[in-house]
Each structure stands twice: as structure tokens, then as C-alpha cells.
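Protein chains in written order, with this note's numbering: chain U, 1 to 504; chain R, 505 to 974; chain E, 975 to 1058; chain L, 1059 to 1654.
In case anyone wonders, no lab produced these hints; they're calculated from the structure. All clues stand as given, with none of them false.
Each computed DMTMM-like pair below joins lysine to aspartate or glutamate, with the alpha-carbon atoms no more than 25 Å apart:
#1 R:Lys591 - R:Asp790
#2 L:Lys1200 - E:Glu1053
#3 L:Lys1200 - U:Asp302
#4 E:Lys984 - L:Glu1473
#5 R:Lys859 - U:Asp113
#6 L:Lys1540 - E:Asp981
#7 L:Lys1474 - E:Asp981
#8 R:Lys814 - R:Asp686
#9 R:Lys859 - R:Asp928
#10 L:Lys1540 - E:Glu1053
#11 L:Lys1385 - E:Glu1053
#12 L:Lys1570 - U:Glu362
#13 U:Lys205 - R:Glu897
#14 U:Lys205 - R:Asp898
#15 R:Lys591 - R:Glu530
All values reported here derive from a predicted model rather than from experimental measurement.
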Amino acid sequence: MDQLLLNQGFPLLSTLIFLPLAGSLLLFVVRDPHFARYWTLAVTSIVALLSLTLLPKFDRDTAAFQFAEHHPWIESLNITYVIGVDGISILLILLTTLIMPFCVLASWTYIKDRVPAFMICMLIMETAMIGVFVALDFVLFYILWEAMLIPMYFLIGIWGGPRKIYASIKFFLYTLAGSILLLVAIIWLYTANGYSFFIPDMMWKDYPFTAQILLFIAFFLAFAIKVPMFPFHTWLPAAHVEAPTAGSVILASILLKMGTYGFLRFALPITPEATTTLMPYVLWLSIAGIIYGGLTALAQQDMKKLIAYSSVGHMGFVTLGIFVLNIDGIEGAILQMINHGITTGALFLCVGMIYERTHSRELSSATGIGQYMPVFVTLIGIFSLSSLAFPGTNSFVGEFMILAGAFRHDVPLALAAIPGAVLAAAYMLRMLQKIIWGGTNNPDQSWLTDLNSREIITLAPFLFFVFWIGLGPQPFLAMMHSSVVNLLDQFHGYQQAITAAGMY
Amino acid sequence: MLFLPELTILGAGLLFFLLTLGQPSEATIKNCASAVAAVILFTCVLCVNQTGNLFYGAYRVDLFSQIFKILIAAATLVVFLFGNGLKGIKQDSRPEYYLFLLVSNLGLVMLVSSVELLAIFIALELSSFAVYIMVPMRTTATGIFFQMEAGIKYLLFGVMATGFMLFGMSYIFGLTGTTSLDGIAEQLPILANRPAAVVAMLMILSGFFYKLAIFPFHFWVPDVYEGAANETTAFIAAVPKMAAVALLIRLTSLASHQGEMVLNLLMVCSILSMFYGNLSALVQKDLKRMLGFSGIAHAGFILLGLLTFKLTGYASAVYYIVGYALMNLACFLVICQVAAKGENLGISDLSGLHKRAPILALTLTVALFSLAGIPPFVGFTGKFMLLLGALREDHLLLVTLAAINTAIAIYYYLSVVRMTFCSDSNGLGNVQTGFLANSLSLILVTVIIVMGVAPSWFVALAESAIKTIL
Amino acid sequence: MIVRFIDWLKQWPRTVRVLSLVAAAAIVIWSLAAVDTHHAHTWVEQHIPGFWAIFGFLAASVLIFIAGWLGKCGIQTREDYYDR
Amino acid sequence: MTGSFIHPALIMIAGALLLPFIRGPFRKPYLCLVPILAFCDVLYLNQFPGTYGVITFMDRWTLVFGRIDNLSTIFAFIMALMAIIGTIYGLHVEDEWQHIAAWFYVAGSLGVIYSGDYLVLFLFWEMMAFASTFLIWFNTDKDALAAGYRYLLVHTFGGVMLLFGFVLRYQATGDLSFSLLDEHNTQLYTWLIMIGLMLNAAVPPLHSWLPDAYSKASITGAVFMCAFTTKTAIYTLARAFAGFDILIVLGVVMAIYGIIYAILENDIRRLLGWEIVSQVGYMVAGVGIGTALAINGTCAHAFAHILYKGLLFMGAGAIIHCTGQSKLTELGGLYRKMPLTLLFMVVGGISVSAFPFFSGFVSKSMIITASFESHLYWAAFLLTAVSAGTFLVAGLRLPYLIFFGASRCTPATWEKAADPVWNMRLAMWIAAFFCLLIGSYLPFLYSMLPHADVAFHPYTIPHMAETLQILAFTALAFYFLKGRLAARAAISLDLDWFYRMAGRGFLWLAEKPLQWLDTAWGAAYRVVGLVSLMTIARFSAWFDWNGIDGVVDGTARFVQGLGGRISVLLQKGQIQMTLYYAITFVALFLAAYVWL
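With the hints as constraints, model all of the structure from the sequences given.
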């Protein structure tokens, strides 16, 4: 338990987790749509503000889990309610809490029927998401990890597009099937670790090599599907396309990060030997994802599908950064997780705004709107540039660090990733060009109105972060630095111990 | 005092016998039934801490039996409450229906206390025969005409299973010279490697496999579920299974010394049940049939707990069957409410339920997600504990197969949820739900969630109860 | 003003032509007479009189011919070549 | 300077961002004000050489935003000056986005010039590429979209090469600073960086984007583009690759290549684009020679070139703006309608042709002299030959075919043609003035050159005689051969054929096989995953339904679906069979037990 810095005083993390859940209870009773909107906005905003108070108290110089809380839960099985935050998770928590109010804003008029139910789903979603990032007990983690599927299933299945049934079931089945072996792995680890589910206790143990490989495969299936890594990605386009705007934003910004977070939190520390062995395959799979995602995005006519496939590529960069196993790569990957959350989230919001006006996500029906929606196209232009890692925007920093890490690891590998960057420019600009100028025979779009102030307020913070991270990423990197260094130190220490043991 | 619950049930049965003689009004029957069930539950709770032997040691009252009695009584009360209209039962035989239900209940209550082979047999037959009669009592007004056929099938299967059981019992008697479980428990370790003893134990187990619907004694399930009235199915699906688990715990704890063979057999049965149930359920259109097949799969899961031959495994099995009963009751509550005339429900009949009856839709969804094993509901916690217990005994392959089954099962549960929440009502009218049904369903939802999130208390209770019989 | 000047020139095409030729000749003569080529970089400049005049004429002609030849070789093609 | 370093690029960017909020009568003064402010800033900064704007990035990299030395000052000066001229030229444009893009483009260029390390360089490099793409896209021409797209992809490719190069270099040396590379110890990264920079300088075979894009840009956009991209690239080459011999060869080839295509060209802006290629060839060669005089010549020529080429593009823009035509075959005889434009075109033309007292004369000869002095006679003669060709094209062919000769205009074009609006004329006046100023008042330009200690005197008698002879006899050749120089309605194939065809093939690849693959993958997922699962499930249901249920029921509910043997079984027995099955299983278990 020395990895925990127990929280003194007000249980901030638990409040963050349970406040949305408590807030959702009221909506079961009061079913007025207007009240539901304002109430949810209020709750998510309060959570966002509360989460910001983590920052000043967060100690950047330690790799331990801070604000930790520890309570017994199911004693017969030694399951505890233990939560904490370290440098890897804090940014993701903030991303989650900060993005939720804007998801609510984005659904203000988009969602017209069953508003309270929608808001309940959003709030439960928030509870589960924050919980996943702070859980330090594996059962707690798994429960929240799976529980998240239910509200997401409803978000897609009820408020989704025409093929929502197909998409929602595919999403649910695919991700659940992937994580089911994770459960077996968890139980195996429990029995191997003296009947404890405490995650830090499971790390850096010398499990037999075969066991590590099997564990890694179980982890990999669960997390790779969530990321999603090529070739486990086919649920993503379907889900993204059919989900309502807020659902897409949550999916892209937060849910996908859980896979990569899982790699960092579990795969690396628990199965270091297997990670080293299987690393090349994962790396080349990432490369394949980067290129495949880019190419496929290029061929899309549907804007959401395009962005969905671009996510496959971007997340390929993240996994690439994680598995090159050096400081640049991993820090870049974590930063890129945040960046992708901001940028892709914003892009989905933008597409949602078009959709609300034209009721189509086809590129062909949104051509040439630049003339009538100047503010909108400026914003989507900036976000697209960010998505293709234009210098000065956030993604550039992340991708640059990942590539730097990849270069340090293996030059051909890094070279192989470069076409992905070119493809990103190709598909994003193709979309941008069509939206802003279109062709010679644009549909008549003159009835379109530009963004209203609510929509601008929704997008403004994303813009702010695009440039903040792009121009001054230092504060963000400083937060994760200690934890990443610790992770890598432990990792390399473990490797040396293995080699040393092998020599004698 | 030791026998108070049984006496109460007997008295209640007499009351209904008297009612059948007269011409009681609908309301009288309804109110009597609810009141009687509540009284039974009350007496069961009252007697929870009783211990003692009756009938020359053939009948034992201990924490284990008392807890199961409470569970049975509580489940029966729930069935009585939500099925109080008895829409699916012939108008003129409703008092008799209650009578037989109570008799069956009596049999089950006696079953969990029986510690002697003949007593077990009698109690089991008592509970079974009453149900055989209840199945054909369904009214043809529901558009179903094969209730008699279903009843006969149920009966014939039952007879076969009890045949096996009797055969096994006679073997055991022949081998040990006693019918008392205690006596058998003393003798069995000595006989452990005698094939006859193994065969005999397995045959006895088959009687309860039949009750719990474990492969290959499951063939009756879909037909009987479909053919019986909704209320009857609710009862069959929840209550006898609890008693069956109680007895299986008693018997497997006896068989635990008999080595690999029993274990392997239980494993094979478990896997086959899970696959058979889940795969068949995938293609069902009728809600009750689907629940029937899913019940087969869940029975396979329960075997996971039993075949650990460990205290925690048994406790998990008890926890799971209770959770399963709760989820099933919640499902059947919804079915009984939605089926206005007591007819069978296709899955498509649930479309748009979220508009027609929001609370029922919520209940059904929670129950189904729980059945599917999604956290944070009781179904997940139960499955988790079963898998954990099995993996502790190094049954990695079994656990993996079970986990894969969970993924398969999602599909058919989700397809019901989809109908409930994600489709329009297609012109189907609103469902009339009373205050009683609504509050009952909310209570069930709460219990399903609370048991899932905080299982400690219940597991501890189950463990302490099981300790008394080991 | 410019227009008028050009129009005026256009009235005397022959005179303009002759004057131009005279001017060219004058430049060459002036170069031969007045320019000291002893410090020039190369041999040709020092020893060929009016070298740069010859060079200029040849360079321009050669470029024109090369361009024409290349154009005929298939470099030049119809305008809608890329639109097909 | 007391630490008050304000980057001129910042002024341009801030000005661009504020522009949409400035409306009505304030618009035009504001448009003039911002580049003038930036120009003043440049003037101010140029007085204080040194290194400014040093920022430590992520604790590891030192970024230098402001390196002010004798090489960067002259380029910054001319860029800022051109920004003023270009903005004035575009003053009448209502669309604020064009101005914003142009200013971002200028900001990128200024940023590159002042940058001291590769990261900052790259940042501004990409800013230039993207901003200039927008300048192309703002043209409403149908082809402009495709051209801009090609332009962007080519430049992204160049950017990636550059990125590769400096990342590799950083990996090898740990050094990010942007400085002279070692010619005697070339590595892969040296070549990659060179390719990246040369692409922007349009060195063959990386040149095709230039005529392609400049002829498709919007009118004001082309004026900006002709000034900034290539000359910024020349600056970076001079900074990093001075004295690399290969550049001499490439530069000379480039000069010849460009002029030959210019002779063939029909579109006036493409013609001028080819001539940029040719003129930049001089500068590349100058960089390659690398002596103090050659570098001076390169800088001077870049300076002069920006002005006269800007003037020519402004003239060409005026013609397109006022006639709507850009092909020589559609123009001719326009001196009556556009006398002022004629004047400016001629000033530009004779400046580029190095007439005495015009700007080209004092700059171009510096490079040629440098090559003579380095004993590179072949280069010197070839470059001189190209200068004859330059006069032929820009000084003679272009004015002749536009303004003189027979009119090939349609009546509508003829009717429309007139001298342009006042702001365009003003901009051209300014540029023309500077062309004359540079050529006539030597200290203005020469005092800014980086190597102040090297003196050069253009106005010597041999030099004058040489130039006049060449010019006169080139004119003579033109007179005799002008039939061969007539306008032809044709285009010239170039290496962009490969881009265009490759681009087409690439899109096909993305649309057809890969999309197919993805669909197939989805189908495979369905077939292998879901369908096989469902098949197993159906099989199991079938087994339950037909095998067991059917027998038990004894009814003919699903007779049609039953197979031969099972239907026979169904006919035979009913409940017995079920029991038989159950018992069979039990028997099997028992048998297994006994047997094992």
C-alpha cells in the first residue's frame, strides 16, 4: 500500500465519481425535458469545476497514486474500494470531466425526445468513465469498464441514426466479447497474487513466461478492441456513424482512451516480459492501423465515418508511442490521447452541428457551406488542421514526440509511420475543401444559418486547448512526467533483473 | 415451533380447500392468497433461528433449511403478488390452483429440510405432482391449446428422472444399509472407489438435475415453459430451482470424495448445459422459451459453483440461484403485466415498452442485463464469484468456456432490450400496471442492484448456513 | 501619351526598323573601338571581335530552335490533355 | 535593443486575426497599416543584429525565433516591402479571407527567415505551405481546386522530407540549429533536407508545382506567391547549402529548363512562372558557387527579382483582371486599351532582362561575374545565354504578343480591356520605382548585402558593352525568328504529368481496392464471426426443434423442415424417443465411466 498517498479530508475522487450518479437519480423522478437539460449541465459543470481542484493539490514529483481512498468492500473476496490518481490518469480524468458539459450543450437541441433518459445515460456514463480511470482495484475497474457499455448502448440504440440497432448491438457484443477474457485474466491474477485485487500489487511480478503471454493476449484483446487497433476496429465506424453527437464525442474522446490507458496501466507493468516479446507485432499492427485508417478515411463520403476511420489512424499513433517504450513515445502517446480527445471530439461536434441543419452527414450535401457559415468553417478548419498535426496545434506536439520516440526505437518503423501523416493531410483537407468551397454545382445552402452563441461556446474551449497544448505543452507533460519515468524505470529494471537471472 | 412454517402452509392449503367448496368471489381468493403468502413468509422468518430434528432424524431444521424456506416463501409471495389476477388460469379452477401451488410449496419446504432419502423422495414427489397438475390448468382463452400435452411431457420426464433417482437410492441403501444422509456420509468415503457407489450418487443427482434443468435432463423446459400459464412458469422457473440447488449442495457435498469421475461428469454437464442453453436461446422468438433455454445455461453456471466442492463455491451457487430467481421473477413480472390476457409473449410484443410502461421496461432491462452478467447487477457478481471459485480450483478451461458463453448470451438478451427500449410501439397500447406491480418491480430492481453491489452480507449468510450442513 | 507615341512610331515602320539596325551596328562599333578587352575573363572575349553580339544572336536563335524542336517532339500537346 | 523583440510575423498574424472585425471605411486603411507596421518592425529589428526570441521547449529543445544577421536582414526587408506592395495591389478585394491567407503566408515567410532552428523553421514552413494553398483555392476557377490540392500534396511531401531530414540530423548530432551543413561529410539527412528545401525553390525535377500553381492562383494570390515561396527557399539554401557544387549544376539546368518552357508557353502566368524557375536557377547556382560575391549576387538577385517579378505578375494580373483572359492566343494589340499596363510590363521585362539602369543589371551580373571568377566558364556562358533568352521571352515575346501585333481578342474582351483600378496601378508604380531605383542608385541595394567587404561595380564599360551587344542581337534574332515565337494554343507536358497521373492512380487505389477490402473485411467479420455463430445456434435450434421437439410433439408442425431420417423417427415414436435420448445420454455417461 506504499504506492498510495491517502487522501486527507474531503473525499474528492469519490465525490467526482458519485456526484453524477446521484444527480441522475433526480431525473428518474422529475421528467421535465427543460429541467433535465439544465440540471445535467449543472451537475456536469460542478463535477468539472470540482475536478479542477485536483490540479493545485496534485504533486507532480511523485509517481504514487494520490488522493487515494481505501475502503473494504467485499471482504470475503478481498475486494476493496480503492481509488487513486497518478500522472497517467489525471489528464484523462480532467478530459472526461471537462468534456461532459460540452456534450450536454451539444445535445441541447439535437436530442428532442426522451431527454431525461438521455441525460440519465450521460450522467451514468460519466460516473463509469471517471471510475475506470481512478479504479485501483481490478474488480472495481472491471465492473465500471463493463457497466459503461449499458448507457452507451442506449445512447446509440435509442438516439442513434437509421441503423442504430445494428450499430449498438455490434458495439456492445464486440467490446464485451473482447473484455470477457480480461475477467478470466483478472481472476487468474487474483489467485496468483495471494488473493488480492489491488492493481499495484500485481505489477512487476515474475509470473511464468507462458502465463505472461496468455495474460497479455487477454489484455490485448480487451484493450485493442477498445482502442480500436486494426483489425479489431470494425465496430467503431458503425458506432460512430449511428451515435448521436454527444455519443460520438464520448466514444471518440474518452472511451477509446480506455484501451490505451489499459495498455499503460496493465499490459506494461503486469506483463513486462510478454510486452517485450510481443512488442514488434503490436508496433507493426499500429503502423498498419495508421496507414489503413488513413487510406480508408480517404475513401469515405460520410463525414462521421471519415473521422471515425481517422481515429483508427490516430489511435495507431498512440499505440505506436506506447509500445516503443521510451520516454518520448509514452509521453507523446499520453499527450496524443488528450489531443485526440480534444480534436476529434470537436470535429464530431462540428459534424453534429452540420447534421442538425442539413440532416445529412454526407460530404456531398455539406459542400460549399463556407460561404454561408464563415465562423463554422473557420472553426472546423482549425480543428481539421489540428487533426492532421499541423505545427502549432496540439496534435503536432503529440505526433512529433511519438515519432521522435519511434525514431529512437527503430528507424524503419518510424519511416513507415510517416505516410500516415501525409494521408492525414490528404483526407482532412479533402473534407475541408469540400465543406468550405465544394465544387461547381454546390447544392443551394443559402438558407443555412451560422453558429449561434451556444454552439460557439461549446467549441471555444476546444479551440483554446488546441492552441494551448500546441504552443505550450510543458504543463501537461510535467504532470505525467514522474509517473512515466517511474513506469519506464520499473520496466527496464525488470528487464535487467530477467537478463541477470538468465545469466546465472 | 420447528414445524411451524410447514404447518402454516398446510393450514393455508386447507383454507383454500374450503374455498373450493364454496363459491368465493375473485377478490376473496386474491386477497386470501396474498395474505396467506405473507403469513407463510412471516412464519418462516420467525423460525429462522430454530434448530432441531423431527421424525426420527429424517427431518432436520437448521439455518440452511430455514434460509431456503425463507427464500422459497419470499419467492412464492412475489409470484402470488404479481400474478394475483391469475389471468392465465381457468376461471373455475383458480382456488384449486392456489391449493396445488401451496402443496407444491409445502413439498419444496419439506425438501430442503429432509435429510433422509425417503423423506427427500416423498417431498420431491409432493412438490412435483402438484406442479404437474398446475400446468394443464391454463385457460384456453389465451390461445394456447397444448397445456395438457405440456403437462404430460413434464410428468413423463419427471417420472423418468425420479425413476433414475429411486434406482440410485436403492443402490445406496444396498451399499450402506441406511437411508439417512448422515449415515451415508459416514459410509461413502469407505466406498469411494466402488463404481456402484459412484453410479448410485450420479443417479440420485439426476433427479435434481431434472428440477434444475441440466443437460441431459432439460428437454422438458421449453415446452413446459411455453405451455404453462405465465404465473405457473414464473413459479417453475424460480422456486423449485432454489430447492433443487439446496439439495444438490447436500448431495454433492456427499459425493465430493468420489474423485475425478464425478467432477468430470459435472464439468461435462455444466459445459453442455451452457452451450446448449445459450445457443438454442439465440434463435427463440417466444420470450418464455427464450428464458427457458437461458435457464438451462444458468443451471450450467450453477454447476460451476457446485463442482468446486468447497464452501465458497456452494455459497456462490446459493447466491447465484437467489440472484437468478430474482431476475427471473422480475422478467416474469413484466411478462404477466404485459400479457393482458395471460397469453404467451413473443419478443416482438415488447416493442416500445418504454412508452407503454416505463417502469416495467426498466425492470425488464435491469433483469436482462443482470441475466447477461453485466455489472453492477447481481448476475455479474454471481458469475464473477462462480468463475473465481472455479479458477481457484484450476479449472481454467472450464472458466474460459463459461466466459465465452457469457458473450454468446449477450445477444439474445440484448435483442429483447432492443425491442423494449429502441423501437416504437407499433400501435400497441399502453400496459395497465397497478401500484402493486410497480412498487414490486422497483423493489426487485433495487434488490438486484444492491445485491450486485454489496454482496458481502448475503454471501456471509450463505456461508454460515452451508457450514451447518458440511 | 504612350498610345500616341506608339501610334506615331507605327506610322514610320521602315524608319524605325532602319534606325534600330543602325543602333545595333553602332553598339558593335563602339564596343570594338572603345572597350578594352585585355582584362576580360576568357580568351574568346579578348580575341573575337564583337564576341558578345555573336553570342547573343546565337544564344537566342539556339534557344528558339531547341524549344521549337522539343515542342514538336511531343512536349507540346493539346490543351485539354489532362481533362480527358 | 532592450529585449523588446516583437516578431514581425506576429504582427501579420495578429493583424490577420483582427481583420474580420474591421469593417466599413476602416478596412482599407487597416489593410495598409498592418504590413507597414510589420515593415517598420523589420526596419527596426534590422538595426540590431543578434539572437532573440529564444524559448526552451519541453526542457529539451531550444527554439530560436529571431536570428537577425546580415543574411536575414535583407530578405526580411524585401519580404516586408513586398507584403506592402502586394496588399496595396489587392486592396480592392472584398473577401477578407484572401487577405488573411496572404498575411499568414507572409508571416510564414518572415518566420522562416528569422528562424534559428529547424523546429521553428518547420513550423513556419508549413504555415507558408498551407496559407498559400488557400491563395490558390480562393480562385474560383474550376481547376484551381485540383491545382491547390496538388500543390499542397507536393509541399506536404517536401515538408515531410524536411522533417525526416532534420529529425535524422537531430538523432545523429543532437543539434537542431539551422546552420550551414558540411559539404564534405554528407549524410542521408543532408540530402533529405536539401530535397525539402529544393522543392520549395522549384529545382528540377521538383519544380512542376510552380507554373501549375501560380497560373491557377487568384490574381492577388499569385502576386504574393511569386515573391515568397521560392525566395524563402533560396534564403534557406543560402543558409544551409552555400558552396554545395551540385547546386551549380542544378541551378544552370534549372535556368535553361525554365527558359525553354517559357518560350513554348501560352498562358501568361505560366510563362512568368517558368521564368521564375529560370531566374531562381541563377540564385541556386549562386548559392552553389558560394563565394562571397556569389552569395551577394544571390541576395541581390532575389531582392531585385521579387520586385520585377512582382511587377510582372501584377501586370499579368491586371490583364487577367481586366480582360478575363490569360492565354496569349486570346490577347494581342492591347497597347491602345492598357497603355499603363504596357509601361509596367515593359519596365518589368527590361528589368528582368538586365537592361542597364534597371534592377536586373546590377544583380544578375554579380552571379555571372562570380562564376567567371571561380573559373566556372561553362556555367557563366550558359547563364549568359539564358539571360539572352530571358530578354527574348519577358522583354520581347510577352509585350509583343500581348500589346502589339494583331489583336486576337474577342470583341467582348476588347471591349472590357482597360487599365486597372487605382490601387493596382499604385502598387505597380511602387514596384516600378524600386526597379529603377535599384538599377540606378547602387548603394540602396548594395549596402544591404551580407558581405559588405566585397565590392562590385556593374557600370564598367566592358560590362555595358557586353550587355548592350547581347540585348541588341537578341532583339535582332527575335526580329528574324518571331514567327517561331508566336502564340500557340497548346500546353507543354512536364514532370507534373507524374504528379497528376500518380494522384489519379492514388485516388483510384483508395476508392476501389481498399474500400472493397474494408467492405470485404466487414463481410468476413459477418460471415466468419456472426454467421458462424448463428449457424451453430441455428444448428442447435434445428436440433432442438426438429430432432427432439418434433419427435416429442408427435405433431407435424414442422414436417417440411425435417430431414428424411428424422422424419422417419418422428413417425415412429413420441415420448418414448425423448426418454430414449435422455436415457441414452445417461448410458453414454455410464459407459464412459466404465470404459475410462
